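Enquirer: My request is simple: use the sequences and hints to build the entire structure.
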Amino acid sequence: MKIAMLGWEFPPFVSGGLGTHCFELTYRLAKFGVQIDFFLPVGAKQEGMPPSLRLIEVAKTIIFPYLSFSKSKSKPPSYGENLIAAVEEYSRDCVRVVLEEAKKSRYDLLHSHDWMTASAALQIRKILNIPWVHTFHSTEFDRTSWPWEYIVGIERMAACEADRIIAVSKRTKEQVLRLGAAESKIRVIYNGVNFERFASSSIPSHSTQIKKEKQIVLFFGRLTEQKGPVQFLHAAKKVLEKKPNTLFLVAGKGELLPLLINISMQLGISHNVRFLGFVPEEEQRMIYKLADVYVMPSTSEPFGITALEAMSSGTPVIISKTSGVSEIIKAAIRVDFWDINAMAEKIIAVLSYTPLSKTMSQLGMKEASLHTWDKTAKETLELYKEVSKVF
Amino acid sequence: MKICIYFQVHQPMRLSRYSVFGRPLGYFDDELNSQIMHKVAQKCYLPANNLILELLEKHPNFCLSFSLTGVFLEQCKKFAPEVLESFAALAASKKVEFLSETYYHSLAFLFQEKDEFIEQVKLHQQAISQLAPPSKVFRNTEAMFSNDVAYLAERLGYSGIMAEGLDHILGWRSPNYLYTVKGCQKIKALLRHYRLSDDIGYRFSARWWSEYPLTAEKYARWLSELSGECVNIFMDYETFGEHHWQDSGIFEFLRHLPAEVEKRQNLEFATPSQLVDTLAPKDDIDVPYLTSWADIERDTSAWLGNQMQQNAFALLQSLEKPVKESQDPELLHIWRLLGNSDHFYYMCTKSLSDQDVHNYFSPYDSPFEAYINYMNVLLDFQQRLKKS
Chain A
1 MKIAMLGWEF
11 PPFVSGGLGT
21 HCFELTYRLA
31 KFGVQIDFFL
41 PVGAKQEGMP
51 PSLRLIEVAK
61 TIIFPYLSFS
71 KSKSKPPSYG
81 ENLIAAVEEY
91 SRDCVRVVLE
101 EAKKSRYDLL
111 HSHDWMTASA
121 ALQIRKILNI
131 PWVHTFHSTE
141 FDRTSWPWEY
151 IVGIERMAAC
161 EADRIIAVSK
171 RTKEQVLRLG
181 AAESKIRVIY
191 NGVNFERFAS
201 SSIPSHSTQI
211 KKEKQIVLFF
221 GRLTEQKGPV
231 QFLHAAKKVL
241 EKKPNTLFLV
251 AGKGELLPLL
261 INISMQLGIS
271 HNVRFLGFVP
281 EEEQRMIYKL
291 ADVYVMPSTS
301 EPFGITALEA
311 MSSGTPVIIS
321 KTSGVSEIIK
331 AAIRVDFWDI
341 NAMAEKIIAV
351 LSYTPLSKTM
361 SQLGMKEASL
371 HTWDKTAKET
381 LELYKEVSKV
391 F
Chain B
1 MKICIYFQVH
11 QPMRLSRYSV
21 FGRPLGYFDD
31 ELNSQIMHKV
41 AQKCYLPANN
51 LILELLEKHP
61 NFCLSFSLTG
71 VFLEQCKKFA
81 PEVLESFAAL
91 AASKKVEFLS
101 ETYYHSLAFL
111 FQEKDEFIEQ
121 VKLHQQAISQ
131 LAPPSKVFRN
141 TEAMFSNDVA
151 YLAERLGYSG
161 IMAEGLDHIL
171 GWRSPNYLYT
181 VKGCQKIKAL
191 LRHYRLSDDI
201 GYRFSARWWS
211 EYPLTAEKYA
221 RWLSELSGEC
231 VNIFMDYETF
241 GEHHWQDSGI
251 FEFLRHLPAE
261 VEKRQNLEFA
271 TPSQLVDTLA
281 PKDDIDVPYL
291 TSWADIERDT
301 SAWLGNQMQQ
311 NAFALLQSLE
321 KPVKESQDPE
331 LLHIWRLLGN
341 SDHFYYMCTK
351 SLSDQDVHNY
361 FSPYDSPFEA
371 YINYMNVLLD
381 FQQRLKKS
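Chains A and B supply the protein sequences, listed in that same order. The first sequence runs contiguously to residue 391 in the working numbering. The second sequence runs contiguously to residue 388 in the working numbering.
Read the hints as simulated data drawn from the structure, not as lab findings. Here the structure is a predicted model, which means the values were calculated and not measured. Mixed in with the good hints, there may be bad ones.
What the hints assert, rightly or not - Calculated cross-link-like contacts (lysine to any residue; reagent style SDA-like; alpha-carbon spacing at most 25 Å):
| no. | chain 1 | residue 1 | chain 2 | residue 2 |
| --- | --- | --- | --- | --- |
| 1 | B | Lys350 | A | Thr354 |
| 2 | A | Lys242 | B | Phe21 |
| 3 | A | Lys2 | A | Leu381 |
| 4 | A | Lys330 | B | Gln307 |
| 5 | A | Lys243 | B | Arg384 |
| 6 | A | Lys214 | B | Asn311 |
| 7 | B | Lys387 | B | Asn311 |
| 8 | A | Lys321 | B | Leu32 |
| 9 | A | Lys31 | A | Met1 |
| 10 | A | Lys243 | B | Pro24 |
| 11 | A | Lys330 | B | Pro363 |
What the hints assert, rightly or not - Chain A regions said to be covered by chain B (calculated; three or more residues, Cβ under 8 Å):
| no. | stretch |
| --- | --- |
| 12 | 330 to 340 |
| 13 | 344 to 353 |
| 14 | 357 to 370 |
By construction, the Cβ of each residue, glycine as well, lies at the ideal position given by its N, Cα and C atoms.
Expert: Next up, the structure:
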């Protein structure tokens with residue numbers, strides 16, 4: 001089976017779950033013997049990849065749509081128009097390159113990820129007449145409080161036109177249904193985690209001192225409203241009332257950073273909060289280990305791979321009920337993202353009750369180890385086979 | 001073949017949500033407890049009691065047994081006196097036996113010193129004696145049983161004790177006889193026939209079950225085909241109307257059972273005391289470790305299987321001395337209510353399949369929250385104790 005896969009990001013250029021997913025999925029599918037040509041804007045390193053996986057650079061683009069642009073009218077400058085132009089240009093290039101490759105050898109199936117590649121996928125499908133599988137890692141409604149009609153329009157098109165849709169959670173499936181997709185073609189395939197990678201990490205020597213002195217609470221995600229960093233800071237304030245010797249790490253970057261810094265000052269907790277900015281891949285693993293508890297307070301989280309990563313690292317997790325990952329894990333404490341008191345309460349409990357944190361850590365590792373990318377890839381492959389048969 | 005039916009009746013005193021940021025008025029959530037008591041009364045206790053009363057009148061040879069925990073009786077008095085009256089009506093029939101157990105449905109037998117356990121058994125005797133004459137058969141919380149439990153029960157004057165009829169205790173032997181217990185003189189063990197009990201308790205409304213639907217006729221036929229002297233069918237009373245809803249046909253099953261049993265000459269009903277009085281033990285069983293009727297493991301791991309449970313239990317136990325020294329009856333009562341086994345059951349983190357059963361009964365979103373809330377309460381209680 002030969003697949004043309006259209007993506008946007010790939011390690012080391014990763015701004016979220018999509019990049020991780022694409023890497024892990026393609027790597028494993030290739031190992032299962034599926035031939036994959038993965039088309040993406042920026043070239044990524046080929047070393048260590050199975051020979052049946054080719055990474056094909058379509059065109060250099062500098063835009064990371066989930067990371068570096070703001071759609072808020074009140075916060076100029078906006079990259080909005082540039083983004084549309086870049087996406088449309090990329091689409092044209094992508095169609096051209098895929099069709100060129102298709103001349104050399106035939107593709108059996110087309111698989112695209114999220115809205116940026118959906119327009120290109122639609123055109124390619126029409127020309128090559130092959131089945132089209134589209135994965136929703138999120139929808140516009142998860143990413144912003146001000147959904148953009150242009151993007152929603154593309155998502156609606158993908159929801160209606162794709163032959164099969166993969167939703168990364170039941171929650172996402174609900175969103176896709178609202179976009180107009182027929183239920184019969186949607187499959188929920190959950191993300192996984194590279195368990196060994198996170199289980200085997202350790203705290204760097206320069207951090208052992210801080211670990212001894214402070215208890216550490218971690219936030220790790222894009223600094224956007226949907227990830228709930230504001231709630232995190234308000235919960236931090238509450239925790240500090242009871243446990244003043246706690247350090248709150250905010251890892252990740254995004255449009256809310258200036259606001260968050262302001263809030264931490266207004267709340268009078270800036271001494272206990274560190275903004276780490278973008279955390280490179282290698283440091284991510286250490287930072288999970290460093291934390292005594294990982295908090296994912298997202299207001300809307302299609303999946304939340306970071307929760308599985310933290311669990312793999314043996315770190316207890318507190319996650320919002322409005323997350324896809326909460327559909328599949330039991331070894332976590334679930335909170336309502338708006339319930340700051342409950343969030344603080346649970347953070348304090350994990351920091352205070354050692355038997356609790358130990359039990360959560362042990363069970364969390366055990367549970368996370370069951371959610372492998374192999375499983376995700378196998379389920380995806382099953383879907384490929386199913387759609388190929390009926391097409 | 002004597003058919004011995006026993007129903008366990010219990011409602012835990014569930015805790016209020018205790019936050020480190022704000023205190024509710026009391027440790028126990030009266031509103032929730034009253035709500036659940038009313039719900040279960042309507043769905044189970046009242047209709048099932050009425051049906052049983054009807055059957056006792058209609059079938060002279062029908063008899064059965066219950067045990068009602070002290071915590072249940074207390075909540076009946078407080079929230080649903082009509083339930084208590086309804087049990088009193090059953091007791092008045094003289095064909096219903098009320099077994100003995102710990103007042104607080106507690107894990108007190110697991111304390112290092114057994115004084116507290118003995119006190120709770122006596123408290124229960126007092127409470128139940130207002131309803132019916134004391135029974136000579138004892139049933140420890142969640143059928144927790146071992147040679148030592150039997151030994152202590154015998155010392156307390158009991159002549160019978162209930163236990164789970166586990167294969168590894170019995171080996172090739174049948175649960176359908178009475179047994180003496182290693183290290184004890186005369187006390188007889190009544191062993192639960194777990195398969196036939198669970199056919200009603202768990203599988204009754206399971207559509208995946210090859211025997212679904214279970215009718216009274218079929219069940220009575222199975223009973224009549226058994227060999228042995230007695231069959232012990234023990235389960236939670238909430239089986240009727242709560243675990244299996246009314247529309248599953250569970251009440252109809254019960255309604256027809258006495259008549260189906262009467263049709264078969266080799267079958268008759270007996271209470272636990274009647275078994276103990278009339279049957280001779282066949283052999284000795286040796287149970288050096290604690291067994292129970294809970295989960296797949298049938299041991300104490302449902303309550304003390306993980307670090308959180310052990311930690312909470314250790315703290316609870318450590319407060320016994322200061323509580324008793326305070327000589328404050330209210331504090332003592334609260335402490336004992338905090339020893340209710342259910343609080344520990346909610347903290348269980350075992351296998352996923354049993355986890356679902358634990359979750360079904362739990363008022364918490366997860367075992368972690370059960371532990372957090374319990375510890376918040378217990379630590380507050382500890383502070384209160386220090387001040388007194």
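Enquirer: For each hint, tell me whether it holds in the structure or not.
Expert: Do the hints match the structure? See the list:
{"no.": "1", "hint": "B/Lys350 <-> A/Thr354", "in the structure": "19 Å, holds"}
{"no.": "2", "hint": "A/Lys242 <-> B/Phe21", "in the structure": "9 Å, holds"}
{"no.": "3", "hint": "A/Lys2 <-> A/Leu381", "in the structure": "11 Å, holds"}
{"no.": "4", "hint": "A/Lys330 <-> B/Gln307", "in the structure": "17 Å, holds"}
{"no.": "5", "hint": "A/Lys243 <-> B/Arg384", "in the structure": "22 Å, holds"}
{"no.": "6", "hint": "A/Lys214 <-> B/Asn311", "in the structure": "24 Å, holds"}
{"no.": "7", "hint": "B/Lys387 <-> B/Asn311", "in the structure": "23 Å, holds"}
{"no.": "8", "hint": "A/Lys321 <-> B/Leu32", "in the structure": "23 Å, holds"}
{"no.": "9", "hint": "A/Lys31 <-> A/Met1", "in the structure": "12 Å, holds"}
{"no.": "10", "hint": "A/Lys243 <-> B/Pro24", "in the structure": "22 Å, holds"}
{"no.": "11", "hint": "A/Lys330 <-> B/Pro363", "in the structure": "16 Å, holds"}
{"no.": "12", "hint": "330 to 340", "in the structure": "holds (count 5)"}
{"no.": "13", "hint": "344 to 353", "in the structure": "holds (count 6)"}
{"no.": "14", "hint": "357 to 370", "in the structure": "holds (count 4)"}
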